[in-house]
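Asks: Single-letter residue listing:
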Amino acid sequence: MANPYPAPHGTIHVEDTEVLAHEEWPGDQLVLRLYAPETAAAARPGQFAHLACDPLLPMRRPLSIQRVGPEAGWAEFLYKRLGFGTRLLARRQVGETISVMGPIGHPFEVDPEVRYPVLVGGGVGIPPVVFLAEVLKDRPGVEPVAFLGSEVPFPFATQPAGFPVSGVPETATHADARLEDWGVPSRLASGAGLAGAYRGHVPDLAAAYLEPLAPTERRRAALYAVGPEPMLEAVARLGQRLGVPVWLSLEEYMACAVGGCMGCTVRVEEPTGPAMRRVCVDGPVFPGEQVYPGT
Amino acid sequence: MTEGPSSTASANPASEVDVGLEFAGLWLSSPIVLLSGCVGFGEEYTRVAGFSNAEVGGICLKGTTLEPRLGNEPHRVYEAPAGMLNAIGLQNPGARAVVEQILPALDTTETHFFANISGSTLEEYIDVARIFDDSPVAGVEINISCPNVKAGGASFGNYPDMSAKVVEEVRRVTDKPLITKLSPNQTDIAENARRCIDAGTDALAVINTITGMAVDLESRSPVLGNASGGLSGPAIKPIALLKVAEVHQVAHRHGVPILGQGGIASAQDALEFLVAGATTVGVGTALFYEPLLCPAINEGIRDYLARHGLGSIPEVVGTLDWEQ
Ligand SMILES: Cc1cc2nc3c(=O)[nH]c(=O)nc-3n(C[C@H](O)[C@H](O)[C@H](O)COP(=O)(O)O)c2cc1C
Ligand code: FES
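Protein chains in written order, with numbering that gives the first Met the number 0: chain H, 0 to 294; chain A, 0 to 323.
Treat each hint with caution, since some may be false.
Unchecked claim - Short, incomplete list of chain A residues facing chain H, as computed with Cβ under 7 angstroms:
no.	residue
1	L25
2	W26
3	T45
4	E66
5	G93
6	T173
7	P290
8	L292
9	A295
What the hints assert, rightly or not - A few chain H positions that, by computed beta-carbon distances, are all more than 10 angstroms from chain A:
no.	residue
10	E37
11	P57
12	G166
13	G190
14	R219
15	E232
16	E251
17	A256
18	T264
19	P273
Calculated directly from the structure, the hints in this document are not laboratory data.
Don't be surprised by glycine CBs; every beta carbon is placed ideally from N, CA and C.
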């Protein structure tokens, strides 16, 4: 029988990176850009890196990768200043060195059958969705659409949406400016009444888009979601209701981030029964029905 | 050995110092042993570019029980001052799956792999030891000190009578080198060590994690799914050093070596453990922060030995100037 813990050799790089930019956005949100050429060269949407935020901290912190510039060698992250680790990270300045392990984890795999990928990102779950949109923009015959939700001001520039998205409420007028540049339609949602955003939950936008699709089109759709647990569950239920496959990226506290400590596991329901799987290397992306089994 | 570590006798070139040594009847290419529960089943860290199992003298595999175990609910790890708490709950696929599916994939020419065995009953320890006896592992580490499972584990380790009983019974079913892993969560670790030596252990691992907990103030509940967990990392180093020195007082009289561990994160830490009486040094939690740490530890030990005119590791082991 096969080794139940296969470990592909040499895929995670440890590099001392330089802070190229560290931008603060309202709502305690920061965008960090590092010169991390090895991580940048190999990273794919859904993967994360493990950062030594400050030499004083005993543990690294996992952060999802938001964008990479493989030629220029940079990798970009978005995070919220929440706990001790991210507070210390927020103090690191341009020119300083941060040790990075990356890229780590199973990325989002968009099946060649999928023509309508629906990307759903909430809060600090936005980065992998941005990364996925950037990669999908160049894929022929694929028409991605992204829905982004936030309870604090969006950590990116927004502008009036230039691309139509059928079905979504008219109050969702604005889009992520980067995605507009890439030709990827997007819409925003917020319970906080942010300008240009639909007032409500981001999965509502995904539902509004998917429900009117003809069955033949829906069969070629799939949901890819990253964000807080209630959002993930709503997306998983939506997929179950409409018969659309769902992929969720999960978070958990991590120690090693290479599969060694079993510290980051989540309970999943596999065809063979319940299992505890490591978010770092078995995930972070899991099939929705394994995380929220159908009732 | 009378020369203390401050001796500055004629220096050797560091490149000539061999950090290899004998431990529990095995030849180890380095005194570093990667610790159980920190490196999965031996392959996980090879995901890291530049990492090689050949840099270390041995690797203790994740704690293994007779039947598969799912382990504890999340959260399982949490940061603590200068360390971390863990409560994994011995997630493992069961001893037979380890032997049949995992061990065949390991490159045993690179280093020695040790099984780390656990159980809820004496019989379970015996059954697991039997399964590993008929396997390519170089030795068996008996974990009588796991703080994170309800039945067994620590309840064997905290009572010398029960510790000795486990060692005695496991000794009966295997001729492989036995390392007994002692708990710091007990009154007299040296007395427990003495009993385990009498029961036939070939080596002692000192120390396992120290029990602790973390509280979530918003929910007023424990952070860890298991409520309590084991503290590891630099926070426990001073405790571990003392326990190693105490156990050494007993163990060296019987020629039984110690695998010292608890917060080792540098060559200096490793050397302090060697001086305190450890023959080999365990690295666990430190790898999480710095996966490519081991070559630097080997190098630092070589430098130190060379600077002090010492030709090999055993010359520094237990050289602590301490009259008890
Ligand atoms: C996440 C984690 C899991 C562990 N699992 C085991 C285990 O299965 N069996 C065991 O004997 N010790 C286990 N330990 C204890 C370590 O092997 C080691 O004794 C302890 O962490 C002290 O060393 P360190 O400070 O270098 O990590 C575990 C430790 C950690 C941090
Ligand atoms: S963080 Fe160690 S296994 Fe995932």
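Asks: Hints numbered earlier in the text: which of these fail when held up against the supplied structure?
Replies: 1, 2, 4, 5, 6, 8, 9, 10, 11, 16, 17, 18 and 19
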